[in-house]
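All chains should be built: construct the whole structure from the sequences, respecting the hints.
2 protein chains.
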Amino acid sequence: MKILFSPTSPYVRKCLVSAHELGVIGRVQLLPSNAHPINRDREIIANNPLGKVPTFFTDDGLVLYDSRVICEYLDTTAGGTLFPRSGAARWQALTMQSLGDGMLDAALLARYEDVTRPEAQRWPEWRAGQLDKVQTSLQHLQAHPALLGSQADIGTIAVGCALWYLDLRFAELGWREQYPAVAAWYAGFSQRPSMAASWSL
Amino acid sequence: MKILFSPTSPYVRKCLVSAHELGVIGRVQLLPSNAHPINRDREIIANNPLGKVPTFFTDDGLVLYDSRVICEYLDTTAGGTLFPRSGAARWQALTMQSLGDGMLDAALLARYEDVTRPEAQRWPEWRAGQLDKVQTSLQHLQAHPALLGSQADIGTIAVGCALWYLDLRFAELGWREQYPAVAAWYAGFSQRPSMAASWSL
Chain A
29 MKILFSPTSP YVRKCLVSAH ELGVIGRVQL LPSNAHPINR DREIIANNPL GKVPTFFTDD
89 GLVLYDSRVI CEYLDTTAGG TLFPRSGAAR WQALTMQSLG DGMLDAALLA RYEDVTRPEA
149 QRWPEWRAGQ LDKVQTSLQH LQAHPALLGS QADIGTIAVG CALWYLDLRF AELGWREQYP
209 AVAAWYAGFS QRPSMAASWS L
Chain B
29 MKILFSPTSP YVRKCLVSAH ELGVIGRVQL LPSNAHPINR DREIIANNPL GKVPTFFTDD
89 GLVLYDSRVI CEYLDTTAGG TLFPRSGAAR WQALTMQSLG DGMLDAALLA RYEDVTRPEA
149 QRWPEWRAGQ LDKVQTSLQH LQAHPALLGS QADIGTIAVG CALWYLDLRF AELGWREQYP
209 AVAAWYAGFS QRPSMAASWS L
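Read top to bottom, the protein sequences are chains A and B.
Under my numbering, the very last position in the first sequence is 229; numbers go up by exactly one each time.
Under my numbering, the very last position in the second sequence is 229; numbers go up by exactly one each time.
Just so you know, the hints here were simulated from the structure itself, not pulled from any lab data.
Heads up, a few of these hints could be off.
[Claimed, not checked] Here are a few chain B residues that sit away from chain A, every Cβ distance over 12 Å (derived from the structure):
#1 P65
#2 R70
#3 I73
#4 G79
#5 A156
#6 A174
#7 A199
#8 A224
#9 A225
[Said to hold, decoys possible] With a straight-line cut-off of 25 Å between C-alpha atoms, the simulated SDA-like cross-links for lysine to any residue are:
#10 B:K30 x A:K30
#11 B:K30 x A:Q120
#12 A:K30 x B:H168
#13 A:K30 x B:Q120
#14 B:K30 x A:P112
Don't be surprised by glycine CBs; every beta carbon is placed ideally from N, CA and C.
Structure representation (structure tokens):
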């Protein structure tokens with residue numbers, strides 16, 4: 029198995045953390061890539077017309093994207109339990125994944141506003157609106173700490189990767205002070221070997 | 029079942045087309061909402077902290093988002109076949125959904141650039157990069173027309189809703205002239221009663 033890789037992509041990280049939890053990380057080869065929203069990487073596009081990472085190659089020739097599809101494929105292939113198979117547990121885990129991914133989508137748009145867009149074309153209200161999505165999501169988790177159990181599943185992995193990305197790019201938010209229940213959960217979850225691992229080419 | 033609704037949201041439309049295909053559209057009540065990336069709708073946030081539509085309420089009290097989760101829930105609840113259960117068919121349909129959703133994500137960001145952002149803060153390269161994602165995706169479908177079968181599944185529904193949105197917001201792209209194989213497919217697919225239906229509160 030192979031994955032088009034970027035060390036700072038939180039969606040690539042979701043896939044690698046999942047592979048690590050499933051015990052198959054050693055079977056996933058990392059391939060270099062240069063995804064960018066303006067200067068689009070034509071080598072990625074040749075395999076994934078959206079030009080995004082992660083893009084994933086199975087051993088039997090399928091090309092899969094995006095991170096949700098790749099993570100479920102890894103779980104199925106490894107016979108894992110990251111995706112509950114049915115019932116309320118499945119819908120709750122998938123919705124928690126949507127929450128984590130939604131926090132990341134918003135944080136990434138704020139990041140593009142901060143560093144990719146020329147300064148004269150930045151719109152503070154857009155950045156504030158995106159980061160408000162992160163804040164209301166953290167408020168929700170703080171108010172319902174039971175939503176985040178100690179188990180690794182696709183929901184907790186997605187939220188864990190979102191918090192990892194906030195630390196990487198928005199340390200100034202100081203989210204731990206405002207959301208102590210979320211901070212307490214992450215203090216434990218981030219100690220998992222899968223989350224503590226670092227990857228580079 | 030209830031869904032927070034906007035008539036021009038392509039992700040809401042994905043859910044309603046799916047419900048129509050599954051024969052359960054009459055059981056889904058539409059609720060008004062005013063999702064916006066800057067002036068965030070606090071009534072949506074009370075149920076979905078990301079403040080986005082679609083947000084969905086099951087009859088037994090679960091709140092689900094986003095469209096991928098809602099569509100799979102509808103398919104499972106109705107005993108449908110929009111999501112192949114296993115094997116390569118599942119990964120291919122899910123990846124096609126990612127492609128359709130990715131086209132929509134890009135088109136929506138171009139739309140926000142065009143109408144939400146103040147004119148002085150618009151960045152033409154950003155808009156061009158997003159619409160280039162749409163173009164390379166259409167090129168991919170044009171080059172591999174067998175990817176789009178005549179069946180309604182979550183992949184074809186997602187791509188169909190993406191093309192619907194291009195017609196709604198980016199008619200000037202003239203995508204049918206450039207991508208005749210995609211146009212031929214959509215000419216048939218858009219005739220399905222689910223796709224031809226219109227919804228309003």
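Against the structure, the hints:
For B:P65, the requirement that its beta carbon stay farther than 12 Å from each beta carbon of chain A is not met, with the minimum near 5 Å. The Cβ of B:R70 does not lie farther than 12 Å from every Cβ of chain A; its closest approach is about 9 Å, which violates its non-interface assignment. At roughly 5 Å from the closest C-beta of chain A, the C-beta of B:I73 falls inside 12 Å, breaking its exclusion from the interface. B:G79, annotated as away from the interface, has a beta carbon of chain A within 12 Å; the closest lies near 6 Å.
Distance check on B:A156: its Cβ comes as close as 8 Å (rounded) to a Cβ of chain A, failing to clear the 12 Å threshold; non-interface status is violated. Remark: the non-interface label on B:A174 is consistent with the geometry, its nearest Cβ contact in chain A lying 15 Å away (cut-off 12 Å). Every CB of chain A lies more than 12 Å from the CB of B:A199, the least distance being 22 Å, so the non-interface label holds. The Cβ of B:A224 sits about 27 Å from the closest Cβ of chain A, beyond the 12 Å cut-off, so the non-interface label holds.
Distance check for B:A225 against chain A: the nearest CB is about 25 Å away, which clears 12 Å, and the non-interface claim stands. For the hint pairing B:K30 with A:K30, the CA-to-CA distance comes to about 41 Å; that exceeds 25 Å, so the pair is violated. With a C-alpha separation of about 17 Å, the suggested pair B:K30 and A:Q120 falls inside the 25 Å cut-off, and the hint holds. Distance hint between A:K30 and B:H168 is fulfilled; the C-alpha atoms sit about 21 Å from each other, no more than 25 Å.
Distance check on the hinted pair: A:K30 and B:Q120 sit about 17 Å apart at the alpha-carbon level, within 25 Å; holds. Proximity of B:K30 to A:P112 is assessed by CA-CA distance (about 24 Å); at most 25 Å being required, the pair is judged to hold.
The structure shown violates the earlier hints numbered 1, 2, 3, 4, 5 and 10.
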